[in-house]
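Listed in order, the protein sequences are those of chains D and V.
For my numbering, add 24 to where a residue sits in the first sequence, where the first one is 1.
Take the second sequence: its position 165, counting from 1, is numbered 161 in my numbering, and each next residue is one higher.
No wet-lab data here; the hints were simulated from the structure.
Heads up, a few of these hints could be off.
[Stated by the list, open to error] Each pair of labels, with its calculated beta carbon distance range:
{"hint": "1", "chain 1": "V", "residue 1": "Gly150", "chain 2": "D", "residue 2": "Leu152", "range": "31 to 41 Å"}
{"hint": "2", "chain 1": "D", "residue 1": "Asp170", "chain 2": "V", "residue 2": "Ser137", "range": "49 to 59 Å"}
{"hint": "3", "chain 1": "D", "residue 1": "Leu132", "chain 2": "V", "residue 2": "Pro3", "range": "40 to 50 Å"}
{"hint": "4", "chain 1": "V", "residue 1": "Ala8", "chain 2": "D", "residue 2": "Lys42", "range": "10 to 20 Å"}
{"hint": "5", "chain 1": "D", "residue 1": "Leu132", "chain 2": "V", "residue 2": "Asn46", "range": "25 to 35 Å"}
{"hint": "6", "chain 1": "D", "residue 1": "Lys52", "chain 2": "V", "residue 2": "Asp2", "range": "17 to 27 Å"}
[As the list claims (entries may be wrong)] Quick list of in silico lysine-lysine cross-link-like pairs, BS3-like style, CA-CA up to 25 Å:
{"hint": "7", "chain 1": "V", "residue 1": "Lys52", "chain 2": "D", "residue 2": "Lys42"}
{"hint": "8", "chain 1": "D", "residue 1": "Lys35", "chain 2": "V", "residue 2": "Lys42"}
{"hint": "9", "chain 1": "V", "residue 1": "Lys74", "chain 2": "D", "residue 2": "Lys35"}
{"hint": "10", "chain 1": "V", "residue 1": "Lys18", "chain 2": "D", "residue 2": "Lys42"}
{"hint": "11", "chain 1": "V", "residue 1": "Lys42", "chain 2": "V", "residue 2": "Lys74"}
{"hint": "12", "chain 1": "V", "residue 1": "Lys18", "chain 2": "V", "residue 2": "Lys52"}
{"hint": "13", "chain 1": "V", "residue 1": "Lys42", "chain 2": "D", "residue 2": "Lys30"}
{"hint": "14", "chain 1": "D", "residue 1": "Lys42", "chain 2": "V", "residue 2": "Lys42"}
{"hint": "15", "chain 1": "V", "residue 1": "Lys18", "chain 2": "D", "residue 2": "Lys35"}
{"hint": "16", "chain 1": "V", "residue 1": "Lys18", "chain 2": "D", "residue 2": "Lys38"}
{"hint": "17", "chain 1": "V", "residue 1": "Lys18", "chain 2": "V", "residue 2": "Lys74"}
{"hint": "18", "chain 1": "V", "residue 1": "Lys42", "chain 2": "V", "residue 2": "Lys18"}
{"hint": "19", "chain 1": "D", "residue 1": "Lys30", "chain 2": "D", "residue 2": "Lys42"}
{"hint": "20", "chain 1": "V", "residue 1": "Lys18", "chain 2": "D", "residue 2": "Lys30"}
{"hint": "21", "chain 1": "V", "residue 1": "Lys4", "chain 2": "D", "residue 2": "Lys30"}
{"hint": "22", "chain 1": "D", "residue 1": "Lys203", "chain 2": "D", "residue 2": "Lys244"}
{"hint": "23", "chain 1": "V", "residue 1": "Lys52", "chain 2": "V", "residue 2": "Lys42"}
{"hint": "24", "chain 1": "V", "residue 1": "Lys4", "chain 2": "V", "residue 2": "Lys42"}
{"hint": "25", "chain 1": "V", "residue 1": "Lys4", "chain 2": "V", "residue 2": "Lys52"}
{"hint": "26", "chain 1": "V", "residue 1": "Lys4", "chain 2": "D", "residue 2": "Lys42"}
{"hint": "27", "chain 1": "V", "residue 1": "Lys4", "chain 2": "D", "residue 2": "Lys35"}
{"hint": "28", "chain 1": "V", "residue 1": "Lys42", "chain 2": "D", "residue 2": "Lys38"}
{"hint": "29", "chain 1": "D", "residue 1": "Lys38", "chain 2": "V", "residue 2": "Lys4"}
{"hint": "30", "chain 1": "D", "residue 1": "Lys52", "chain 2": "D", "residue 2": "Lys42"}
{"hint": "31", "chain 1": "V", "residue 1": "Lys42", "chain 2": "D", "residue 2": "Lys52"}
{"hint": "32", "chain 1": "D", "residue 1": "Lys52", "chain 2": "V", "residue 2": "Lys52"}
{"hint": "33", "chain 1": "V", "residue 1": "Lys4", "chain 2": "V", "residue 2": "Lys18"}
[Said to hold, decoys possible] Covered, in the sense of this in silico footprint (three residues per stretch, anywhere, with C-beta under 8 Å from a C-beta of chain V), are these stretches of chain D:
{"hint": "34", "region": "33 to 42"}
{"hint": "35", "region": "45 to 53"}
{"hint": "36", "region": "120 to 131"}
Predicted, not measured: the structure shown is a model, and the values here were computed from it.
Each residue gets a CB set at the ideal place from its N, CA and C atoms; glycine is no exception.
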Amino acid sequence: MRELDKEVLAKIEKLGLKPLPYIYFFAKRSVFWALAALSVLLGGISVAVAIFAAMDLARTGGRGLDEMPFDDIATSLPALWFACFMLFAASAWFSLSRTPRGYRYRPLGILAAAFAASLGLGFALHGLDAGRLTHNFLATHFSAYDRFTHIPYEEWSRPDQGYLGGEVLSVGGNTLLLKAFDGVQWTVDISAAVNGVDEPLEDEGDVAMRGVRTGPRAFKAQTIAAFD
Amino acid sequence: MSALRDPKAYGAIVRRFEAMLKRYVGRILGRHAQFAEDILQGVFLKTYVNLNDYDKTRPLAPWLYRIAHNEAVSFLRKRGAEPPVIDGEDGRLLLERVRDETSANGAADFDLAESGIHGALIDLDPRYRDVLMLRYLEDKSYDEISDILHMPPGTVATRIRRGLERLKSSLTTGAAGKREA
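Please construct the entire structure, taking both the sequences and the accompanying hints into account.
As structure tokens, then:
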């Protein structure tokens, strides 16, 4: 008959085992809590940027949402940020479920809590303008982000400075009829324009033109390019 | 808890939980039950080293059960052993308890013949086997099972219910088949 208690105590003595200090476990737990908090914070920032992007979508240089090509809408929508947000909520669940009591909660409950916390934090951060600041920071420092999220409607709605964009309604001889992003129709002289569009202009949809304004609703194009 | 860091006091803990943990580890190991004491020694060494990880607001037994469970499962995995099957006396005991409980709630017509028990328990998914073993053989509450298996108490309840349904279905089908024969 083995006497397990004596065997265990003898082995503890022989191996010189000591209980690991409390701080070790505290630090381990803290890592998970910190990761969970960070996840919720990043989720909150994602929400703030998503709110900013959604509001920014309405600023389309006067163009109605129903007139926007689908890919522009898809680009403008904060889908990327919602994806990030979901990712961060999931990582918060992963971290929280590994805390000492975290396993006692249903994954869906933890996800819902992370979602609610991120949403609440996101609205608060939006109130502090964090969404715009984050968006601008990313757009300034990451050209890929800027290319993905930015639709330059306003940049191509400045005919006085020589920038005019919109949808080609018809082409007749050296003149085309353009519906600008703000819905106003322009007559454009394209007789001297360098056309960089491969497709017939009527089929291209939106175009971007450099040139000079020659009248209240008249423009003389120097270059024509696809708008993207 | 600080008293437990004294090896002598820890010896008392080993003596107190040795029998129940040995039985539990033996149940998990099944055909490899002869290794239960070796595994248990490792369990008690591990719990001693990790004493400060124990949450003092929770009962001690589930924490020890959890470490024992993990060590036993890890042992089986390392040996590439088949998942254990609740069998023999344990199988009969489990089904008697399940039958007693379900009879009190209504009808249960179980075939407790050896072949019926064996077949029903072999077919039992390991997810259900673990919770049923803890509930009906180790007499653990849902809360304790939650602590041992690290899953929400609601999930424990669901698995126990589904496990019972599977067992009942398997055994009542067996009983009906015999009557027809």
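Comparing the hints with the structure gives:
Here the CB-CB span from V/Gly150 to D/Leu152 is close to 38 Å, well matched to the stated 31 to 41 Å. Checked against the hint of 49 to 59 Å, the C-beta distance between D/Asp170 and V/Ser137 comes to roughly 58 Å, which is consistent with it. Taking 40 to 50 Å as the suggested C-beta distance range, the pair D/Leu132 and V/Pro3 conforms, at roughly 44 Å. Remark: the range hint 10 to 20 Å for V/Ala8 to D/Lys42 is upheld by a beta-carbon distance near 19 Å.
At roughly 30 Å, the beta-carbon separation of D/Leu132 and V/Asn46 lies within the given 25 to 35 Å, and the hint holds. Checked against the given bound of 17 to 27 Å, the beta carbons of D/Lys52 and V/Asp2, roughly 25 Å apart, stay inside it. A threshold of 25 Å between alpha carbons decides the hint, and for V/Lys52 with D/Lys42 the separation of about 19 Å falls inside it, so the pair holds. Pair hint D/Lys35 plus V/Lys42 holds up; C-alpha atoms about 11 Å apart against a cutoff of 25 Å.
Taking the CA atoms of V/Lys74 and D/Lys35, the gap is about 23 Å. The hint holds against a cut of 25 Å. Pair hint V/Lys18 plus D/Lys42 holds up; C-alpha atoms about 24 Å apart against a cutoff of 25 Å. In summary, the hint linking V/Lys42 to V/Lys74 is supported, as the alpha carbons are separated by about 18 Å, within the 25 Å threshold. Restraint check for V/Lys18 and V/Lys52: the C-alpha separation of about 23 Å stays at or below 25 Å, so the hint holds.
For the hint linking V/Lys42 to D/Lys30, the alpha-carbon distance of about 16 Å falls within 25 Å, and the restraint holds. Only pairs whose Cα atoms come within 25 Å are accepted, and D/Lys42 paired with V/Lys42 is accepted, the gap being roughly 10 Å. For the given pair, V/Lys18 sits about 19 Å from D/Lys35 by alpha-carbon distance, which is consistent with the 25 Å threshold. Under the criterion of a C-alpha separation no larger than 25 Å, the hint pairing V/Lys18 with D/Lys38 is consistent with the structure, at around 23 Å.
The suggested pairing of V/Lys18 with V/Lys74 holds, with an alpha-carbon distance near 20 Å, which does not exceed 25 Å. Simply put, V/Lys42 and V/Lys18 have alpha-carbon atoms about 15 Å apart, close enough for the 25 Å limit, and the pair holds. The suggested pairing of D/Lys30 with D/Lys42 holds, with an alpha-carbon distance near 17 Å, which does not exceed 25 Å. The suggested pairing of V/Lys18 with D/Lys30 holds, with an alpha-carbon distance near 16 Å, which does not exceed 25 Å.
For the given pair, V/Lys4 sits about 9 Å from D/Lys30 by alpha-carbon distance, which is consistent with the 25 Å threshold. For the given pair, D/Lys203 sits about 15 Å from D/Lys244 by alpha-carbon distance, which is consistent with the 25 Å threshold. For a cut-off of 25 Å, the pair hint linking V/Lys52 to V/Lys42 stands: about 17 Å separates their Cα positions. Our distance criterion of 25 Å between C-alpha atoms is met by V/Lys4 and V/Lys42, whose separation comes to about 16 Å.
With a C-alpha separation of about 20 Å, the suggested pair V/Lys4 and V/Lys52 falls inside the 25 Å cut-off, and the hint holds. With a C-alpha separation of about 13 Å, the suggested pairing of V/Lys4 with D/Lys42 holds against the 25 Å cut-off. A C-alpha spacing of about 13 Å is found between V/Lys4 and D/Lys35, which places the hinted pair at or below 25 Å, so the restraint holds. About 15 Å separates the Cα atoms of V/Lys42 and D/Lys38, which keeps this hinted pair within 25 Å; it holds.
For the suggested pair D/Lys38 and V/Lys4, the alpha carbons sit about 15 Å apart, so the restraint of at most 25 Å is met. Taking the CA atoms of D/Lys52 and D/Lys42, the gap is about 18 Å. The hint holds against a cut of 25 Å. For a cut-off of 25 Å, the pair hint linking V/Lys42 to D/Lys52 stands: about 17 Å separates their Cα positions. Taking the CA atoms of D/Lys52 and V/Lys52, the gap is near 17 Å; set against the 25 Å cutoff, the hint holds.
As the CA atoms of V/Lys4 and V/Lys18 are separated by approximately 21 Å, the hinted pair is consistent with the 25 Å bound. Counting residues of the region 33 to 42 of chain D whose CB falls under 8 Å from any CB of chain V gives 7; the rule of at least 3 is met. With 4 residues having a Cβ less than 8 Å from any Cβ of chain V, the region 45 to 53 of chain D passes the three-residue criterion, so the hint holds. Residues of the region 120 to 131 of chain D with a Cβ under 8 Å from some Cβ of chain V number 6, which satisfies the need for three, so the listed coverage holds.
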